[in-house]
Structure formats: C-alpha cells, structure tokens
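A.B. asks: Sequence:
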Amino acid sequence: MSLSALNVPASLITVGVLILLSNTCVLLALRKLRTIKKSTYFFIIQLTIADLFLGFLIILRSILFLSGHLGKSVCAAILSLSLGSLGISSNAITLLYFELFLAVKNMTMFRNPLGKYQTMTLQIFSVLIWLTLSAVGYNSQETNIQVWNYAQDKCEIRWAFNLQYIIAIDVLFVIFLVLTLSFQIGTLVLMRNRHKQMFQQQINTIQRQMRIIVDDTRSQVSTSNEDGEPGTSNNVPRVSVTSARLIFNSKETFKERWLRRKMNMTKLITIVLIIFVVCWYPSVCLSIAYAVMGGGDSISDVVFNYSWIAIPIHAAANLFIYAAKSKDFRRALRDAFCGNCPSCAVDNRVEPFLVHRGRTSSCNL
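The sequence shown begins at 1 in my numbering and counts up one residue at a time.
Note that these hints are calculated values from the structure, not bench results. The C-beta atom is built at its ideal place from N, Cα and C for all residues, glycine as well. A portion of the hints provided could be inaccurate.
[Stated by the list, open to error] Calculated cross-link-like contacts (lysine-lysine; reagent style DSS-like; alpha-carbon spacing at most 27 Å):
hint, residue 1, residue 2
1, Lys325, Lys255
2, Lys196, Lys255
3, Lys116, Lys255
4, Lys267, Lys116
5, Lys105, Lys116
6, Lys255, Lys327
7, Lys196, Lys116
8, Lys267, Lys105
9, Lys255, Lys267
10, Lys255, Lys105
[Stated by the list, open to error] Label-pair distances were calculated between CB atoms; the ranges are:
hint, residue 1, residue 2, range
11, Leu172, Lys196, 19 to 27 Å
12, Thr121, Ser182, 19 to 27 Å
13, Ala310, Asn264, 25 to 33 Å
14, Leu128, Ser182, 19 to 27 Å
15, Leu21, Thr121, 55 to 63 Å
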C-alpha cells in the first residue's frame, strides 16, 4: 500500500483518534502518579498536551475536508499549528534531558534541579517561540498554498512554502536536536563517572572492613594462644562470617537507587527521542530538498504523505513506550480505569520511572 493510499480522510481520522485516546490514557495515569522531580512531571505533561493538540488538528483537518469547508486559509492555519505542536514536543524532550543533566550534575536527590518559576519560564518561553513561528508560517503560506480539488475528490496540495521560512524552521529543529544530544551524552558521561566513584568507595570500604576482620581474627588467635587454649572454630570464624555478611550482603544505597532511576528515565526518554527523530526529521530533509529543487511535484507528494502519516506515529507511541518501560506506569494506568475495584490494594513500592501516589490495582485489564 502506497503512502498516497493511506492519505485519505478516514485513515487520518483513525490516526487522530488513536493519538487522542493514547495521550488521554497518559494523562489519566499521570493523575495517579507523581514524578521524582516536579519539573519532570511538568515537561511530560507538556509533551502529552502537545501530542493531544496534534491529534485534534488531524481530526479537524479530515472532518473539514469531508464536509467541503477546508479552504486555503484554514488549511494553512492547520499546517502552521501542527508545526507548532511538533516544535513544542521537541522542546519538551530537550527540557527533559536538560533537567536530567542538571539533576545528575548537582546530585539533587531531595529537591528539584529546576525551581518552580524556572520550569514555568522555560515552558512558557518554548511555547511562545513556536506559536510565533506558527503565526509567521501562516502568513508566508497563505498566498502560496493551493486549494483542495473537490471535483476529483483528492488532495492536490503543494507545499510552496517560503524558502527562508523552511530553512529557518529546519535550522531551529536541528539546533534543538543538537542540544538534546549534547544533554543526553553529558548525562550518560556524568552517570558513568558517578558509578565509578561509588564503586571505588565500595572497594575502599570492603578493604577497610577486611583489614578489621584480619586484625580481629589475629588478636583472638593470639589471645587464645597466650591463655593456652587454642581458638576453636566456633569463635574465630564467627567474627569473620558476621563481618563478611555486613560487607557483601549490604543493600543498595539510596544514592545508587537514585542513579538507577535516573538511568532508567534516560533510557525511556531516549526511546521517545528516537521515535520522534525517525518520524519527523526525514520530512525536514525532504522539505529542504523540495525547497532547494524548486518545488518538484514528486518531492512535494512524498513530503506531504510522509508528514501526515509518519509524524503522528510518535504522538500515539508515548503511551506504549511508558507502559513497556515502567511497571509503575502500568499499575497506575490500571488504577485509573479500575481504581474502585475491591481487589485494589495499597502499594508503596518505588519504581524507576515514576513514584506511585495513592492506591494501585491488581486487576487484569
């Protein structure tokens, strides 16, 4: 099946409904959860709401097309707002990595790496940037975009965007991608160094404890020999076994557990980033090629079809990513749909992704 066959209003309505349902489920689960850091919670909500808005725009575009009310201005506005929605999503991913980088760098285990006002300022600033660019894109597209061909009941839209506008948008997306990868690499390097430091501290602790064991054993043996009573196997080894149990059977420290959660969060956001890049950045490259080559029809068709089919995939995929990577998210999702079931029980366990708040469900959906 070709991409053109998929680009029909019924298919796009199905994709839009899937996006709305999946991100609504994410919001319902987030109501039952609280993140380890509040700034992370706000950035995940920003990503979810941007994806919800994209799904609404896709459904609106298809309904207007079917009713025959999708004119030049409305189509240009929907395309511009869709671009702004994708930009807000990319900013949310970048801010998530930025928050993780600051948390690991400063080892802020008991407070937010970003303050409340700093978090809100970054969110408002990122949203205003892309809303402004959407307004500029609407003005540049309004005189160039073509109207739908209602007589043949097919889309003959051609992305005759302004070349400077396309280049500016694409450069901005590349900048955000570079920043995201920089924060990701920096976070992974810092985590590796922290793990090395903690491992070296554990080795030093074990060496000190082993020296204490040896000294205790020697002192007991020498004392028993001086008294003329050789040390028995019930006395001397008992100290060594007890000390060894304290050394080698020690539980995971809070700092190690905190770093493990951050590593799991980094892996989860990396999967979200990979899907976003695979679904979005090929259309960025294709749009550049279209603008540089003067607007060939074949490239225009590929850009349009790929953008309206592949890009929405990332908006619907977040629910499945969170559910696959977090047991606590799956538990909270069950609790959101059957929280009043008699089999629901209190569970205070802390999971790598999010910390559960309230009751959890043991029901099987």
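A.B. asks: State for each hint whether it applies.
C.D. replies: Each hint, compared with the structure:
no. : hint                          : verdict
1   : Lys325 <-> Lys255             : holds, 21 Å
2   : Lys196 <-> Lys255             : holds, 13 Å
3   : Lys116 <-> Lys255             : holds, 24 Å
4   : Lys267 <-> Lys116             : holds, 25 Å
5   : Lys105 <-> Lys116             : holds, 19 Å
6   : Lys255 <-> Lys327             : holds, 21 Å
7   : Lys196 <-> Lys116             : violated, 32 Å
8   : Lys267 <-> Lys105             : holds, 17 Å
9   : Lys255 <-> Lys267             : holds, 18 Å
10  : Lys255 <-> Lys105             : holds, 13 Å
11  : Leu172 <-> Lys196: 19 to 27 Å : violated, 37 Å
12  : Thr121 <-> Ser182: 19 to 27 Å : holds, 21 Å
13  : Ala310 <-> Asn264: 25 to 33 Å : holds, 28 Å
14  : Leu128 <-> Ser182: 19 to 27 Å : holds, 23 Å
15  : Leu21 <-> Thr121: 55 to 63 Å  : violated, 32 Å
This entry does not satisfy hints 7, 11 and 15, going by the numbered hints stated previously.
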